[in-house]
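Chains as they are written, first to last, in numbering that gives the first Met the number 0: chain A, 0 to 252; chain B, 0 to 252; chain C, 0 to 252; chain D, 0 to 252.
Hints should not be assumed to be uniformly reliable.
Identical copies carry no separate label here, and so any pair may be met within one copy or between two of them.
[Unchecked claim] Subject to a maximum C-alpha distance of 30 Å in a straight line, what follows is the list of computed DSBU-like cross-link-like pairs (lysine-lysine):
#: 1; residue 1: Lys183; residue 2: Lys1
#: 2; residue 1: Lys43; residue 2: Lys183
#: 3; residue 1: Lys203; residue 2: Lys26
#: 4; residue 1: Lys136; residue 2: Lys146
#: 5; residue 1: Lys183; residue 2: Lys225
#: 6; residue 1: Lys26; residue 2: Lys130
#: 7; residue 1: Lys225; residue 2: Lys14
#: 8; residue 1: Lys136; residue 2: Lys61
#: 9; residue 1: Lys209; residue 2: Lys43
#: 10; residue 1: Lys225; residue 2: Lys130
#: 11; residue 1: Lys26; residue 2: Lys183
#: 12; residue 1: Lys227; residue 2: Lys136
#: 13; residue 1: Lys70; residue 2: Lys225
#: 14; residue 1: Lys157; residue 2: Lys36
#: 15; residue 1: Lys70; residue 2: Lys227
#: 16; residue 1: Lys61; residue 2: Lys203
Since the hints were made in silico from the structure, they are not lab data.
There are 4 protein chains.
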Amino acid sequence: MKVEPGDYVLLYLDKRRKYLVKVVSGKEFHTHKGILKLDEVLGKEYGDYVQTHLGVRFRILKPLLVDHVMKFRRGTQIIYPKDAALMVIMSGIGPGSRVVEAGTGTGALTALLAHFVRPDGIIYSYDISKKNLENAKRNLKTVGLDKWVILKLGDVTKDIDEKDVDAIFLDLPSPWLAVENSYKALRHGGVFVSFSPTINQVEKTVEALKSQNFVDYEAIEVILRKYKVEEGSTRPETFMIAHTGYIVFARKP
Amino acid sequence: MKVEPGDYVLLYLDKRRKYLVKVVSGKEFHTHKGILKLDEVLGKEYGDYVQTHLGVRFRILKPLLVDHVMKFRRGTQIIYPKDAALMVIMSGIGPGSRVVEAGTGTGALTALLAHFVRPDGIIYSYDISKKNLENAKRNLKTVGLDKWVILKLGDVTKDIDEKDVDAIFLDLPSPWLAVENSYKALRHGGVFVSFSPTINQVEKTVEALKSQNFVDYEAIEVILRKYKVEEGSTRPETFMIAHTGYIVFARKP
Amino acid sequence: MKVEPGDYVLLYLDKRRKYLVKVVSGKEFHTHKGILKLDEVLGKEYGDYVQTHLGVRFRILKPLLVDHVMKFRRGTQIIYPKDAALMVIMSGIGPGSRVVEAGTGTGALTALLAHFVRPDGIIYSYDISKKNLENAKRNLKTVGLDKWVILKLGDVTKDIDEKDVDAIFLDLPSPWLAVENSYKALRHGGVFVSFSPTINQVEKTVEALKSQNFVDYEAIEVILRKYKVEEGSTRPETFMIAHTGYIVFARKP
Amino acid sequence: MKVEPGDYVLLYLDKRRKYLVKVVSGKEFHTHKGILKLDEVLGKEYGDYVQTHLGVRFRILKPLLVDHVMKFRRGTQIIYPKDAALMVIMSGIGPGSRVVEAGTGTGALTALLAHFVRPDGIIYSYDISKKNLENAKRNLKTVGLDKWVILKLGDVTKDIDEKDVDAIFLDLPSPWLAVENSYKALRHGGVFVSFSPTINQVEKTVEALKSQNFVDYEAIEVILRKYKVEEGSTRPETFMIAHTGYIVFARKP
């Protein structure tokens, strides 16, 4: 498969130096290892090498969805794949699911949700910031998933229009204020999922879930440990992201 | 929605006491809290309560896929949702993907993969044990996902029939022996994923990936920490599953 | 060195089966692997084997302080060596230090503190339960450390008699109530150390430390991961104690 | 207590900005928050404030041993307090213990060991590098602990002069080569402790311990998690040191 104008490619030197780049004719991409003329990328096969003016070779890879998502223009906190992954699996969603999400943020989680409910599901994604929604729209278009998302300007702590949805995903400063509306919006057996950085948010959310008659609630933290693997001298990496947030799950009985 | 004969229900008392039960007329289900007559479950709505002969009330929930998967009849090690979740997300698969898996084991990971490649993807799942394949077949039927899986008796360290697959998932004692065949079976940009309990397996697999020209390999461990959330006395749970296995990712350039 | 009557020995079969036993003539010790006559232990050298009536051999080891401490008769929560170790090191205490502790509990932490302030330091250990103090006294005698401990019936949230102590160690349900008295009891540069199971206790304690003008406060959790090491199949142990408590440190400026 | 010429003080602004400084008349100390004239520190009480030329106030604290140890001039890897703490506690050493250590490195662990064996114990600390020993000597003098340490130029994989020592601490690239000599040097019941960054070193060391008839061996990792505690928004810190090394313990029966 050949690289065409407008394609996004992942220019890969090593684990720490991989860059997501849109291939536009006439443009250059500057790296610490020299300048790449993007015209030289055009027409190459995926998997081929391209060389900087300093002679350093980058591999041209086809980006995965997670490569895109991790590079979404940030305005707010991002949900990491380690967290998004468990949230998706435990929510029970899949092709055909109808899902409510709030807030949209950069659209990172939105994109993953949309990816997995295709071809006949839909994500209703709320945000109270018009700017966030516009940014998310752009990001979702880039990855070709906008078709499965209805972006909505609104506050789920006030109102959720949808009924009988399969799951609801919250990434809000005060998720406990949206617990009652979440209950009303979910179908029986539907799953509530919330992501929060502080333990105090978790405590308030779980208390709200209890008083709303949700069942099977769990508060979980996903910790990712990466390893430096070398034959004969393998060890965990020295530094790590030690905390992103806690995930709260519950089911509507 | 009403419970019908042959349905699987999740009988829920609390977080630690929830049971996946097939509702067969005339049968009983014995719990530490007394006996449930399954005929009393039939015809109830999901979300309703049912009472044991000791007067303890269980809630009738509709099971999610992960509820089933965690209860698949064990013969071999199981892949936990925390691991399966990251494996699925990082592999880039989704609706329409063509995937190779080995070994099938109980079919737990197979089921999750099948769930996410619907409606037009397919999982080719290899195992060297006929017994495993038969057990997996039964499990996949139970959750209605057998249609998206082709179970194959075979050894992927010897041969993989498929070409240009989107991702390959290995849960084998010696995954490094299947690295060369995995490379041949994957499409350009396709993702290699392997799960192993010991660090020595990881070391050997990564060395094999390096010599096979895979790129962007990573060795990762997912640690799940659960919390006991009570207003004013929140803390991590005292005991936890501290290790299931390591995940190795790589991409074919 | 020979085993003498009244000695405590550690009877060691493997990592999971090691027993702390007081050697009393005429008594027997019952294990899952058979009965040991303690008279057969008497007069043996440390390091020798002794055999049960089923022919299973146990090694006779001289117990370390931590072996004793982990077996102190429990009435309350115990502080684990992993936590006690960091508490001791970060507190700056050593030979000659004067230390206040509350509550005494089983005397487990008391014993470790006493061990490290010998020969000319002293531990003032408060508890509001006479029963705890009596149990602790017995335990401290067993390990020969009672000489360095003054056990006091009293409530440190009400009053601390000592002044200019080098460090203060709290293991109380409401440590924040003892922060003001701790400040008064500590010398300049003295270290406050508190151990609590819940994050809410930590939050309240840190707030109290802030308003009391303590500096350099830190809230820390020590997590211990054990490994199953076998040549070619090394991995973390499957289960672990995931949480004991949080440690809060601060210094009086 | 007043600051005198030649004293080391800890100049404290906040948790991340605390500096260990030797107070020499006529000198200045430069910080991001302005310049401190050290003559203004002289004669102040510990606990007092001192002001930079930009008007920022630092608190003058008396440093603890761990403050010094963490700032020892580095040439090699350092052992962190979290690891040193458990090593000390589990080794069973205390006032009066005779201990062998190798390699000395910066003398960080040496200093902690010397601190805890005072007043009548002794540390024999081996290193194969004269430069390391000289650096360590200087560091030990700074903290006033050189009197309890005999620094020795030598290779413990070749020879250990001492006999019947209470514990042995190794921080070597190939600790397994020193297992046999360690066995000979330890008294019955003495404790072997080794610290290594990679899992492969652990594996080799444990195998050597097994074949040398050590008992009760354990391989452990200490993970320290710090918390950002704010009333109502408490959470683990985002980044952490995820790995320093593994500790191996064993006893000579």
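Consistency of the hints with the structure:
Proximity of Lys183 to Lys1 under the C-alpha cut-off of 30 Å is restricted to the inter-copy arrangement: shortest distance 20 Å between copies versus 49 Å within a copy. Taking the shortest Cα distances, Lys43 and Lys183 sit within 30 Å of each other only across copies (21 Å), while inside one copy they are farther apart (52 Å). Taking the shortest Cα distances, Lys203 and Lys26 never come within 30 Å of each other, neither inside one copy (50 Å) nor across copies (42 Å). Proximity of Lys136 to Lys146 under the C-alpha cut-off of 30 Å is restricted to the intra-copy arrangement: shortest distance 10 Å within a copy versus 35 Å between copies.
When the C-alpha separation of Lys183 and Lys225 is checked against a cutoff of 30 Å, the pair qualifies only between copies, where the shortest distance is 27 Å, while the shortest distance within a copy is 40 Å. Proximity of Lys26 and Lys130 under a CA criterion of 30 Å is satisfied intra-copy only: 28 Å inside one chain copy versus 54 Å between copies. In this assembly of identical chains, Lys225 and Lys14 lie within 30 Å of each other by CA distance both inside one copy and across copies; the values are 12 Å within and 27 Å between. For a Cα distance limit of 30 Å, the shortest separation of Lys136 from Lys61 inside one copy, 22 Å, qualifies, whereas the shortest one across copies, 34 Å, does not.
In the homo-oligomer, the alpha carbons of Lys209 and Lys43 lie at most 30 Å apart only across protomers (24 Å), although the nearest pairing inside one protomer, at 57 Å, exceeds that limit. In the homo-oligomer, the alpha carbons of Lys225 and Lys130 never lie at most 30 Å apart, since the shortest distance is 35 Å inside one protomer and 35 Å across protomers. When the C-alpha separation of Lys26 and Lys183 is checked against a cutoff of 30 Å, the pair qualifies neither within a copy, at 51 Å, nor between copies, at 35 Å. Taking CA atoms no more than 30 Å apart as the test, Lys227 paired with Lys136 passes in neither setting, with 37 Å inside one copy and 34 Å between copies.
Taking the shortest Cα distances, Lys70 and Lys225 sit within 30 Å of each other both inside one copy (20 Å) and across copies (28 Å). Proximity of Lys157 and Lys36 under a CA criterion of 30 Å is satisfied in neither setting, with 51 Å inside one chain copy and 43 Å between copies. For a Cα distance limit of 30 Å, the shortest separation of Lys70 from Lys227 qualifies both inside one copy, at 24 Å, and across copies, at 27 Å. Taking CA atoms no more than 30 Å apart as the test, Lys61 paired with Lys203 passes between copies only; the shortest distance there is 27 Å, against 43 Å inside one copy.
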